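Undergrad: Following the hints, complete the assembly by docking chains B and C onto the known chain A.
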Amino acid sequence: MQKISNTEIYFIENGINSNLRADGRSRNDYRHFSLETGEIIHASGSARLKISDTEVLVGVKAEIKEIKNAQSNNDKQQEDLKRFIFTVDCCQSASSEFTEQKRLDQYNIELAKQLERLYSHPSVVDVDKYLTIVPGKFYWNLCIDAMVLDSDGNLLDALSIAIRAALYNTVLPKIKVITSEYQEITFEVSEDPEDVISLKDAIENVPIFITLNQIGSQSSFIIDSTLQEELCINSKLCIGINQKSMICSIQKSSGMEGLEPQTIIQMIKSAKQIGVQIISTMDKALKLNP
Amino acid sequence: MRGSFRLFYIQKKKEQQKNEQNENKNNNNSIDIQRNNRSDEQFRQIFLKSGIVSQASGSCYIEIEKTKVLCSVHGPRASHKTEEFVAAKFNCELKYTTFSSSVDKYDYTENNKEKDQSLIIREALIGSVRLEKYPKTVIDIYILVLNDDGNVMVASITAASMALADAGVEMYDMVASCSSVCTKDRILLDPSYQEESLPNTTNILVAKMPALNQVTQLVQSGDLSYNTVIEAVDLNIDGCDKIYSIMKQNLIDSLEKQLKDKDNNNNNNNMDIK
Amino acid sequence: MSKLSYISPDGLRVDGRRSNEIRRLNIKMGVSNRADGSAYYEQGNTKILVTVYGPRESVNSKSLYDRAVVKCEFSMSSFSTTERKQRQKGTDRQATEIQNLIKQAFESTVHVQLYPRSQIDIFVQVLQSDGGLKSASINACTLALIDAGISMKDFVCACNTSCIDGIPVLDLNNIEERSGGPDLLLSINPQLGGVISLNMDSKVQQDLFESVLDLGVKGCQKIFTILSDQVKRYSTELMSNQQQLQQS
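Note that the protein sequences, when read in sequence, are chains A, B and C.
Positions 1 to 290 (our numbering) are the ones given, in order, by the first sequence.
Positions 1 to 274 (our numbering) are the ones given, in order, by the second sequence.
Positions 1 to 248 (our numbering) are the ones given, in order, by the third sequence.
Next up, chain A with everything else stripped away, as it sits in the complex (with noise of 0.2 Å):
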């Protein structure tokens, strides 16, 4: 575990409350970070995103998944619903919190699960429209496994805002459905590399994950924290905004305090305009550098 003193909490909290922090950020300044794309040949989609030490890398895999009749059992009709598959894989190496091996897997879990809420939602993207194979029968499920390979906090957005670049750089191979006399279904997959689906126009409404934290005193908060930040956290909200301002997920974690309602509803309220305003300058990006 990782341990501050409580000198370094009072800096800090002092340097929030008069919106000036260590690194010369105000409460509301990301920093900068880099988004590379199409890195990992072996993966469908793939990004790596850099937020000063923090660096997370994004692999996209594209299975066909055969949807059994599952008319009598609901449980797993639930299963087969889910087009996403989410793993997180923090390195032991990334943080010295890491290095207990129960802990480290309890992290995944929590990540992968706070992504896996995000996403799950059938709003997120049209599956009818760009991963059905065979209505009802065969889909395209997408594996997205995530690595955390150094971190310097904020985390949880640093992987959203990779899943999202991962899923903008994805290519489905285009597939022939062939149907024998004995309704039998084969596939014939497109060889040549051209000929793809590409998911680009699906992430419309992808949200991303803003993370806010609330350190000293109770109406001021902060984003995209460092290490050295989240140690002293009160308490943190996860908040996934969209393209369109909708509000995708909430979920308030690993804080020992509570919040009072009005800050909640100040804190969703700046996470709103931040999110749409790093969503905007994201598209651009990943447009103009395809």
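Simulated from the structure, these hints should not be mistaken for laboratory data.
Keep in mind it's a predicted model, so treat the numbers as computed, not measured.
Cβ coordinates follow ideal geometry from the N, Cα and C atoms, glycine included.
Below, simulated EDC-like cross-link-like pairs (lysine to aspartate or glutamate); rule was C-alpha separation at most 20 Å, straight line:
(1) Lys102/A - Asp140/B
(2) Lys3/A - Glu132/B
(3) Lys133/B - Glu257/A
Some residues of chain A that are not near chain C, with every Cβ distance over 10 Å (derived):
(4) Leu20
(5) Ser120
(6) Gln183
(7) Glu188
(8) Lys200
(9) Met246
TA: Using the frame of chain A, we list chains B and C on its own:
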């Protein structure tokens, strides 16, 4: 011959499935409208009873009509690890029984859904407990879901908070929680299992310490506009206050009963001595 | 084409190399700020990130009073291979094998007696795998350990060789690895001249073995020159940065 018979069979099965699907749809719609004669903001009947597990430091059993949850608190008890030197370690474990649901399947190992829900409950409660009062100790909360008919998280958080109070753990306040399902135009408080699994809906869960007016947990999944979120959160906060009054009343009742029992015992003892 | 031909009549392999050529190396040292030492290593399409922590105090008090313990953690990302595979920690045999290989190689090369009661942690993360994982991991670890400033007797350079259709070939990629030919992994101390490990799967004719081994040694030497060049360049860069700082 065989082939044609099979084809016939498949066709028949398909028709059957179609019919079933239609029925299901109709059912869903009717539930959406009728809601078992409840209004949108009406809660189901809640039954609370604390102190029912004799081996635990504190325990509570809650029924929200068919949803039945049992929670027990063990501790604060000694921990030998050096890392809990300053404050108590707070663990929370939620488990669905194998027979808790006719739809979802659970086995004896903890699956990811349970782990995730445990974490959410832990986050909701940890702000209310004065952990710094119990250095070098561990507080364990075990939650067992006996029957799942929606609103399990609310039942669990309520039960856990009551069990903590029953165990006599020092707290700032009890945590009350409330959840709702948002459909296109309605916000349904205290949803049943069927309402929770309606397609294209959004779930919101709020946990709150009413005396301090602090929200300790807020979970939403699915997309909503800003105004709806605010409205739903407000409604849930009001719901929390309602649940809180029930919890408070119940706590007082159970304490009174305990005192009475103690008095009776004392009287009996005195009689024995005489 | 009924059978894939691994070497064309002109003597070119599937990726256009000749039989005695290694793939392009792309090396970066000091990529992580937090770790004591780190290296990013690309050999063709095999991409590996290694971070080194230590020498530091042993966590589980399994320290030895007279020397340091080298520990290695090897993991592959789930998108590193063409087929997606979730790897469970502790049950992956390949990972355990490579961990032991690295541990043994570096316990014999690092001056462990200089760091008593401490441990050196090596984390190997495979980002993309295209054959030659073991040799690439070892080379990358050498660089990361040098970056960490841990005193070593020599480099450890590794290379894998095989023999396809009677011709010895150097540095196999994934397709060639699956050809079913022998796979000889050689790691040496290039300056001291000692062999650290020599593993071979499958069989090779006795009269060919010597030439295969020879080629392996040559490959290791070649890698050594590239690695040492890189280390020199990196350290001069560090030195000049330091001088600039002092001047300012």
